[in-house]
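**Student:** Sequence:
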Amino acid sequence: MKPIRLGMVGGGNDAFIGGVHRIASRIDGRFELVAGALSSTAEKSKASGAALGLDEDRCYGDFTEMAKREARLKNGVEAVAIVTPNHVHYPAAREFLKRGIHVICDKPLTSTLADAKKLVAAAEKSDAQFILTHNYTGYPMVRQARAMVAEGLIGKMRVVQVEYPQDWLTDPMEGEGLKQAEWRTDPARSGAGGCVGDIGTHAYNLAGFVTGLKLESLAADLTSFVEGRRLDDNVHVMLRYQGGAKGMLWSSQVAPGNENALKLRVYGEKGGLEWSQEDPNYLWFTPHGEPKRLLTRNGAGAHEANQSTSRVPPGHPEGYLEGFANIYNEAADVIVAARDGAAPDHLLPTVHDGLDGVVFIDACVRSSARNAAWVKI
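Numbering-wise (my numbering), the sequence shown opens with residue 25 and increments by one.
Simulated from the structure, these hints should not be mistaken for lab results. If you're wondering where the values come from, they're calculated on a predicted model, not measured in any experiment. Backbone N, C-alpha and C define an ideal beta-carbon position, used for all residues, glycine too. Among these hints, one or two may not hold up.
The calculated BS3-like cross-link candidates involving lysine-lysine, where the alpha carbons are at most 30 Å apart (straight line), are [claimed, not checked]:
#1 Lys142 - Lys180
#2 Lys68 - Lys238
#3 Lys400 - Lys141
#4 Lys316 - Lys142
#5 Lys180 - Lys316
#6 Lys70 - Lys180
#7 Lys92 - Lys70
#8 Lys68 - Lys203
Ranges of calculated distance between the beta carbons of each label pair, as one might list FRET restraints [stated by the list, open to error]:
#9 Glu314 - Lys238: 40 to 48 Å
#10 Val383 - Asp86: 36 to 44 Å
#11 Asp364 - Asn395: 48 to 56 Å
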């Protein structure tokens, strides 16, 4: 089967996440990048496209021009990856969705709750598919954990602990010309949430994906520790889930010694699970009253959800890029099924998961502004 023709909005030279998306899309040979509006100016877009080997006439100055022309081409893009700062997600996705081009969008869904609701409406109106790249949901051991919870192996959920600390914004990097720091700390481009939107949403999404719990209310304390920083760089949130489970979420970008330390621990009446992104091939399972058990990626006792998202035998590490590639591989399945008029069963984050994440950000900001008051979801 021929690779799906992929376009990209954003992700030009020196853009971290654009490169990750391109690698992930190629790992299983399901996509081929053929066009892009890769930067905010035509000149930079063409330079980035040339560096990637794209045809000059398919390197566009803006996403609207790209959407219009590619929709008319016989071999135009079938899907587009949107890897821009948050404020561009909605207008870019809208242009492609209304022309029937599938959208694979980086998180969070949008920079504002109003735009998130409009994007949901646009996705529901379109015949195209919308996939949100909460990439940690693609890790084999995360899939294993979700399956074990769903099968009742840890019993009724009681406690959820999730954290995502980093240290790269400990200094005021936004004032030192670092592009990734500049837009993430700018309310006009990032939205009302800084750390809570950038990585807090990953932690929140991961907890919900594994446990299946729905949030009822939260109390959040958002802090900007770096002097002059306009958005939060540290977040503490208490969570109350429907059904009585309680949770705590911590995300920080000013925690020295932490590189990308996403970790989830869940505890039920029968036992507990623990998973760490920096050691992603392992999952600890502790049935109550029994010794801890170490489960491995594609190893003994691996659930089908674990095996189906693994590429190599146990003991051969897979991680960030492979987990991201699982999202792209499953997105390809969805797109191919859409060609055939089918609707495959999948676990991919949808536009509604994206809306849930923006609702979470909005609630955290409102709670923190009221001295960490409880806010209903």
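**Student:** Next, verify each hint and record whether it holds.
**Tutor:** Taking the hints in turn, this is what the structure says about them:
This hinted pair does not check out: Lys142 and Lys180 have alpha carbons roughly 36 Å apart, beyond 30 Å. Note on Lys68 and Lys238: the hinted pairing is violated, with a Cα-Cα distance of about 43 Å set against a maximum of 30 Å. About 18 Å separates the Cα atoms of Lys400 and Lys141, which keeps this hinted pair within 30 Å; it holds. Restraint check for Lys316 and Lys142: the C-alpha separation of about 46 Å exceeds 30 Å, so the hint is violated.
This hinted pair checks out: Lys180 and Lys316 have alpha carbons roughly 19 Å apart, not beyond 30 Å. Distance restraint check for Lys70 and Lys180: the Cα-Cα separation of roughly 54 Å exceeds the 30 Å cut-off, and the hinted pair is therefore not satisfied. As the CA atoms of Lys92 and Lys70 are separated by approximately 18 Å, the hinted pair is consistent with the 30 Å bound. For the hint pairing Lys68 with Lys203, the CA-to-CA distance comes to about 15 Å; that is within 30 Å, so the pair holds.
In this structure the hint that Glu314 and Lys238 lie 40 to 48 Å apart at CB is violated, the actual value being about 30 Å. For Val383 and Asp86, the hinted distance range of 36 to 44 Å is not satisfied, since their beta carbons lie about 30 Å from each other. For the pair Asp364 and Asn395, the supplied restraint of 48 to 56 Å holds, since their beta-carbon distance comes to about 54 Å.
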